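From just these sequences and the hints, can you work out the full model?
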Amino acid sequence: MFDASIPRDKPLSIAILAMGGQGGGVLSDWIVAVAEANGWYAQSTSVPGVAQRTGATLYYIEMLPPKDGHAPVLALMPTPGDVDVVIAAELMEAGRSILRGLVTPDRTLLITSTHRAYAVAEKEKPGESIADPQAVDAASRIAARRVIAFDKDEAARESGTVISAPLFGALAGSGALPFDRASFEAVISEGGRGVKASLKGFAEGFARATANELPEARIANRKAVGIPETLGALDLDQRLARVRALPGSAQVAALAGLKRCIDYQDHAYGDEYLARLEALTILDARNGGAAQDFAFTAAAAKHVANAMAYDDVIGVADLKIRSARFARIASEMKAGEDPLQLTEFVHPRGEEVVSLLPAGWGRKVSASPAWMARIDRWVNRDRRIRTHSIRGFLQFSMIAGLRRWRRKLLRHDHEMRHMQVWLDLATRTLPKNYDLARAILATHRLIKGYSDTHARGLSKFDRVLSAVPQLEARTDGGAWIDRLISAALKDENGDALDGALKTVREL
Amino acid sequence: MAERSFAREVEDLRLGDGQEFRGEGILAITKALLQSGVSYVGGYQGSPISHLMDVLADASDYMAELGVHFESSASEATAAAMLSASVMYPIRGAVTWKSTAGTNVASDALSNLSSGGVNGGAVIIIGEDYGEGSSIMQERSHAYAMKSQIWLMDPRPDLPTMVHMVEKAFELSEASNTPVMVEVRIRGCHVHGRFRAKDNRKPAYTLKQALENPVRDVNRIVLPPASFIHEKLKIEKRWPAAVNFIREQKLNEVFGPEDGEVGIILQGGMYNGVIRALQQLGLSDAYGNTRVPLYVMNVTYPLVDEEVVSFCTGKSAVVVVEEGQPEFIEQALNTLLRRRDINTRISGKDVFPMAGEYTATVMQKGLMGFLEKHAPRLLGNRPPLPDASPVLNSREVQALANVVPPRPPGFCTGCPERPIFAAMKLVEKELGTHHVSADIGCHLFSILPPFNIGATTMGYGLGPAAASAFNVKADKRVISVMGDGGFWHNGLSSSVGNAVFNKHDGVMLIVDNYYSSATGGQDILSSRAENKKRATNNSIVDAVKGVGARWVRQIDHTYDVAKMRDTLREALTTEEQGPKIIVASSECMLNKQRRVKPLVDKAEQAGQPVLRQRFGVDEDICTGDHACIRLSGCPSLSVKHVDDPLRDDPVAAIDNSCVACGNCGEVAEAAILCPSFYRADVLRNASGWERFMARLRAGVISFLQRRRETGRHLFARVSA
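Residue numbers (full-length UniProt numbering), protein chains in the order written: chain A, 1 to 507; chain B, 1 to 720.
Please keep in mind that the hints were generated in silico from the structure rather than gathered at the bench.
Keep in mind it's a predicted model, so treat the numbers as computed, not measured.
Positions of the beta carbon are idealized from the N, C-alpha and C atoms, including for glycine.
Be aware that one or more of the hints could be misleading.
[Said to hold, decoys possible] Residues on chain B that point at chain A, a partial pick, calculated with CB under 7 angstroms:
#	residue
1	G260
2	L400
3	V403
4	D620
5	R684
6	G688
See the structure below:
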């Protein structure tokens, strides 16, 4: 059991990196208790500070048996390069421990959970800015002597406990401490509260640490998606065949787009989507698309679907009252036979209501500020719709029912015109600059959200595309648009985008 | 009601002679106070000494048994002034706070106390909040000790030494008629260790005796001519008495060989780090058997000249391990040796950094630098030092540096302060940004992303005071923030009274979460809980009206973002003159959960109807803009990837830790964000009637759903 490569003539040192509120203190207390129960001296310290709520915290433990009745002198903080075990209660905290020099290849066993709790910096950006887990994996491979990594948060949840239990189990299972399993479990049992669940979590951690898992399985990648053989209905499979006829690089998105359009409106809408895509594919092929892996068509498959299935009130109402949604929430809430109630938080504005009017009528109303103000006064307020009640359900059901007339409504008219202008720009650009045309399609990513968020997205979209004339002649024009897109996703108002646009103007 | 219950720790306080105490440093110190026969204890909570206060608060029955008076002081100034009970009477007293923040607040009383001197032992336990994880400005308490001639102890951070030094601190105080500060660093406060306990002692002279036999001595009062005599007394009597006591009682320790070419003079608090560095350099074992002589100053002020001289004599050089700046001890040593023409070289800040915590690596490098310069032979064949630099310089780890996100502390899940700042952000969008004068407390986290609100903090309860210059006609008003903790600590007079008196035109936001939350959830005057031993439920609104405020709004449910926003807007735009005060109250969620959750669990198990609530995000409606997160930052509101080839950006998601505070829904409404938020309520142990009605509704709805879903191909947008 005992791992002989850890020298015993000096204290065995353990650093725990956790987030405030994760129970790092409990884990630290358990480790001290197991050492003391085995006749060792153990010392733990921490810098949690009472106010350090969700911030990164470090606990540090040293242990050594007494010699001739003398207690050892133990350090209060870790020395980089001199730590035997690092326990990280979250994946990026494992990364932080490596950056702090606590994990070194000659010494350190790294026990980490692979789950993520995203930091505010990762969450607040309007786009994707989640830290790359592979970077932690790559660094831990060269930094640690040995790594025990699995999703201990999941293990804890399955056992109905908190993450300290499976972490403690993994520590016991690793053999890094010369104490037997029973003494670890005894420490948990003495704790009093939630003992059964903690022991279960401990056992899970222990088992996972002793099982030889493939290192490749350490950090799950996003699932790869393919095209199925059949969609389970003849009429759908005929459309699936049309998807298969598209360039390979576009098929996955095209199938998703097809489904999205059918789900959003009807089969005819799905056909409309495919027809648009097929027309674009022909243009693509004519402009050397084969050499570019049909990147233009692939981008169109994704973004034309999003443009056609724009986020509107009808779609929201439709999604809110589906049986699948009710079932999903009931299972997430573990509702069982107990009554489940759902409250939706919506805040319609005059614009949304007017957008549901027939196009001609709606245009007239929106041209009249007096009418717009009046309608806004009528409808603009917080509304909590209780979709589990028949009344609330019917409210949404009525709105969702407008789907049948959607194509004739003002919003649809707006969206289709907007899409046409955008596609025209892309197809016009295609013969001149292939990659730029592809990037013009990709710019649609910026259009998202509802009300103000949607308006902000549209403004960013327009600002990015305003750079197209300057970029037409440049071979790196597409790359520049890509850069503008990522700048636009960096902050809410598009300050980074304005900066990047300035650079483009100075090219 | 403090954040945790200290029932078990209270039991540790009762340990008797010969029994072994195992636990945290600050609790060992608490036990040492009782072993010393202390009569009264006061203080103001704050990291890292909150536990001392909390344990004593929980131990009040036992304290009464021992005849010890304990109180939570209104501020550190109050605590320091409390020590005046030891001025005239032979009564032992102790107070505690976080330093240097608390020492600053206390300094008026401290100066008076140390000038007149004390009769009974007066001890101040200060949690020195310096270095990693500190929440305050980086300064040293040493300066206070020197300027007021208060003696300063800095014991080795092992429990027996800490306990022994606290006991000796009372004796030193009495022997020299001077208050004594015992400085314990953060890690020392939180260190887990053990010591042999002694019986607790009832006070030899009680407060009751003092009250019934009053004494006065004009010479102890800071009034001329006594004040001039005090200074003379300090120098001529109290100082020498202290030095004699320290020497006779051997409070400072010498370790290692008697003779040595070189030596190390260190603050007691640095001892463990020095031993570890020496061990790494091959000059000590793990049990403290060092080959380099050490002079460990468990008392860092005053210096015991004879001891220092005798340690330095015969050595070619000594190094002073003194954390922080300026290097007071090193300077004093130089003066001392020069005066006696002793030519031992004094090293210190030449090999150690002037500023910053003495981490393991700093210690190693500093001592190595000293030895290389003055005794390279000692280093012998130089065992390899622990070194993480090859790893840190590797490509993979360098790449990691740009990946790992910072993780500063923030508002907890369900924090009632979050909606307040969300509302401020919404007002900002309408009226533009404002100068926001912030204060100390959890609400200070609003300075960080995603809120980015707040320009300065000048001290506890001083947020509005720090806005006082901005009382001029302008198109925008200044906003200041203060917590209920700061309000009662200092804010009522320094901030509110001042603003009323000077007809300040700004907006003052008082964040009331029912506790002194940032320090661990202690009760304060306006706490809503009934507290047997304290007078709670004193309204902040009444208090501000009592000092003359006119425009006062109370919001008793901060989660009402729209109301919060409208009230702020009104405060910023009203024609009314004078301070506009908004008291925004909702219970600290951390404390509330701790209080309510066990009750709810119990009720559910007992078969009583219980509503379980949680918020959720419909991931096929969410478009991944994260505007909701920018108005929240809640730990339970996060993002997740969906396996949807049509989408590039992760969507919002709410995890199981959600406590259904309501902020998400309110913000989505008030900010007109998006309709993807929902609240799910499950009624556990519902009555037969409720079940029947629910089934009926579900039946009808399910019929309607079938009707509208037949003939359509519905695909889940997300296959995750």
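- Query: Which earlier hints can't be squared with this structure?
  - Reply: 1 and 6
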